[in-house]
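> The residues making up each chain are set out below.
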Amino acid sequence: MIAASAGNVLVWIVWVVAAFSCLAAGVAVISFSNPFYSALALIGNLASLAVMYLLLSAEFVAAAQVLVYAGAVVVMFLFVIAYVGPRKETPWSGGPSWQTFCAVAAAGALLVEIVVAVGMQANGSLSHETEVGADFGTPAWIGRVFLVDHLLAFEITSVVLLVAAVGGVILGSHTRRVA
Amino acid sequence: MLGPNVAWYVVIAAFLFGIGALGVLIRRNMLVVLLSLELMLNGGNLALIALSRHWHNGAGQIFALTVMAIAASEVCVGLGLVVALNRRNLSLDVDTLSELRG
Amino acid sequence: MTAMTYGAWLCLLAPLGGTILITLCGTRIPRVAAAWIATTSVFVAFAGAIWAFLGVHATHQAQCLGTLPCNLPRGEYTTAWTWLAAGHFSVPLQLLVDPLSTMMMLIVSGVGGLIVLYSIGYMDGDDEERRYFAYIAFFVFSMLLLVEGGNLLMLLIGWGLVGLSSYLLIGFWHDRPSAVQAAKKAFVMNAFGDATMALAFFIIIAHTNSLSFSTLSFNFSSTQANLISLGLLGGAVAKSAQIPLQTWLPDAMEGPTPVSALIHAATMVTAGVYLIARTHPVFEQARTIELIAAGTGALTLLVAGLIALVQTDIKRVIAYSTMSQIGYMFVGVGVGGYANGMFHLMTHAFFKALLFMTAGLAIHALANEQDIRKMRGLGRVMPFTKWCFLAGALALVGIPPFSGWFSKDPIIASTLNIGWYGYVFYACGIVGAFLTGLYTFRLWFLVFPGEPSPFVREHYHDHHGREGAWTMLLPVGILAVLATIGGWIQFPPHWDPITKWLAPVAPSLPDAVASTTQETVTSIVSPLVGLAGIAIAWAVYSERKIAIPAAPSVRRVLENKFYFDWLYDRIFYEPAVWLATFLRREFEEPVVLQTGTDLGDATIETGGLVRRIQTGLLRTYVLFLAAGAAGVVLAFLIAK
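Protein sequence lines, in the order shown, are assigned to chains A, B and C. Letter by letter, the first sequence follows residues 60 to 238 of my numbering. Letter by letter, the second sequence follows residues 144 to 245 of my numbering. Letter by letter, the third sequence follows residues 1268 to 1907 of my numbering.
In case anyone wonders, no lab produced these hints; they're calculated from the structure. Note that the Cβ used here is the ideal one computed from N, Cα and C, for glycine as well. Check the hints yourself; a few may be wrong.
Claimed, not checked - Only some residues are given here: those of chain A computed to face chain B with a beta carbon under 8 Å: (1) Ser80; (2) Val86; (3) Tyr96; (4) Leu115; (5) Val132; (6) Ile173; (7) Phe195; (8) Gly196; (9) Thr197; (10) Pro198; (11) Ala212; (12) Leu220.
Claimed, not checked - The calculated SDA-like cross-link candidates involving lysine to any residue, where the alpha carbons are at most 20 Å apart (straight line), are: (13) C:Lys1907 with A:Val171; (14) C:Lys1907 with A:Ala168; (15) C:Lys1907 with A:Ala199; (16) C:Lys1907 with A:Leu170.
Starting from the given sequences, assemble the full structure and let the hints guide the process.
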């Protein structure tokens, strides 16, 4: 699995760093009691994910990730967190006694199962690797695939975004007072 | 492909998903729950991108972009709800939504 | 269907129609209307009985041409439809119209009609009068079904239904615990008899595959005949309150007086006698059992006569008298003199119903008081009652020319020709006649003659100047006339139309026919003995010349009714109660009831456990989502 070459080693190092920071940031998101810090940790998570996308020849998606997720979504989060005000709350608290234990168990079970599945090479589907061309993942290529092969998805996604925007405005507007 | 096998990526994606799920199940602050949801979505995205690369199938990346768009819309609406709740001085603790108690 | 069968169906169905009509009308009709519906239905039945009787009489004339003996079996079966058919065994819904059944039909519907008419006055004002009349019409229907039944199964149906009617009517005043107890006791003891009869029927079916009356002439083996007869005798003994199943009859006096008159004097208790007469072919094959029946009758007539000497309730004296007289009837049919037994049944119906009804007049006039020690001097204020009661009493004791003399003496005389035990029966019969005179006139002298007691003066109230309503006085009068002159119908050996009438279906055994000398002697000795009893009663109770002998132990035995009740209590009742209590304590409560309770508790606990899932928290429900997803993935993994 590990082919010894300089390029490979570099990729591996980058991958390890990115993966580690991704997971660490993920843990941080769910661990901080201050939601502001959680949101900031999410930025770190998204950045490391973008790095991993680059390693996977998905340049456009990496860029979109940073722009949309880190740039817009997380900023929105930070706005609202700031608006709502400081709320500190301890994780792991509240609820019936079996809640936390069962939550850990359920999440852990899912995790273990996926690892096992992967470990078993998913019945052989992960064994055959294909080479990709140089234009794989470029914006032009994405655009062509998006607008030619998956046009319907494109259009529907735009409708969803419109609906969400309208919904957000309505939810955020002042209530009409009944006189 | 240089670097780790696609399996490693999928494992990382699984971990991300698991951590996000744990966060949804454990945290009581609505905002942190939404953040954990983002983690889960990102985990899914990573898996999509990795397997798209593995099988040279563009649909994976397209799907990942769509997921991002959906995630953005969902966050928009969710945060709108949070703002509305806050405006009515209602608590943002998910445990207060307990009227389906038995 | 010929004319006489129409009469039979009319006789049977009229009271049933009366019952159904009263039941359906319910409270929509006034109580008196229900009473008159019942009475009319029974009189219509009487008309039907006369019709049937005339029909049989006509065929009797035609076929027998007036000569004796006439061995043509005279009787016509009339079938409605085949009721039960199972392979070779079939039971049609049929009636038999023959001399024996028409005789019983006349007695049941005639005396029954008079008693139901009497009930109108007696039960007037009772809240549940309609129920009473529905029950009593149903009883008349059941009794008619019993006597008209064309095969053993129809007889058994009637048998069971009269038991039911008896239960319903004894316990008519159901808010009295003593009445309810008495009803249950009667029913249970009768059920014992029903069981033995059923066993006898099973043996009959096993050997002859049929329950028609003709199969009774089948040549059974000695054991089979004995067993069948024993079973039938068990039923007869239970229904007719003979020893050892006699304890229910005195308690049955808890019912209203007309019920006692009709069911427990005139008709139902005589069903045993009718049964033996009807099934005599098989009894004659088991002569021993038949003689045991006679012996039972002889024993009962003595025991009942003795117990009646110490009773203080007017109805119970008459009840024991009934028991005793049925003993005479059992002696009569047991030795083979079926006509004698049936004749005594007829006259007994007259005078016993009369006695009960006059007692009822007294009870009614004294506001339901039944203790004879309080009733002295009643004759002064109720003369009609006094004279009617006297007529009945003289008939009962068997003083000529009253009816009892004609019917009782042939029975006593018929025992002389059958062997040494016949002499025992004869002695019992004579002693019984003495006892009858003694207890009957003890009752009469204590109640009627003399100065009215303070109790009578205080509590006597008449009914608009007369001793009772006309509906009560008229039947009493008619029965007094019948009790006086009814015996003249048969005076063997000079004229015996009843014997001739029954000869085709129940011919007397030759041993049971007494010679003229024996008849004459008995007919003189018996009333003399009876007069002796009356004289002693007069001396002791009226004139107080002789004191009652104070034999406390004897008195105690008599008052405890020879300890039969005590014995049955120890043998049957207390073990049953102990067993029931034991089972309840050891089994029913810990196991059965507790299981129910535990099931309920377990369900509640499970519900409580399940309830805890509903925490109301969003996170919990998401947890379940995640757990479910994990499970599904696991399933896929395993499948792969």
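> Could you tell me which of the hints above the structure violates, numbers in ascending order?
Per hint list: 1, 3, 9, 10, 15 violated.
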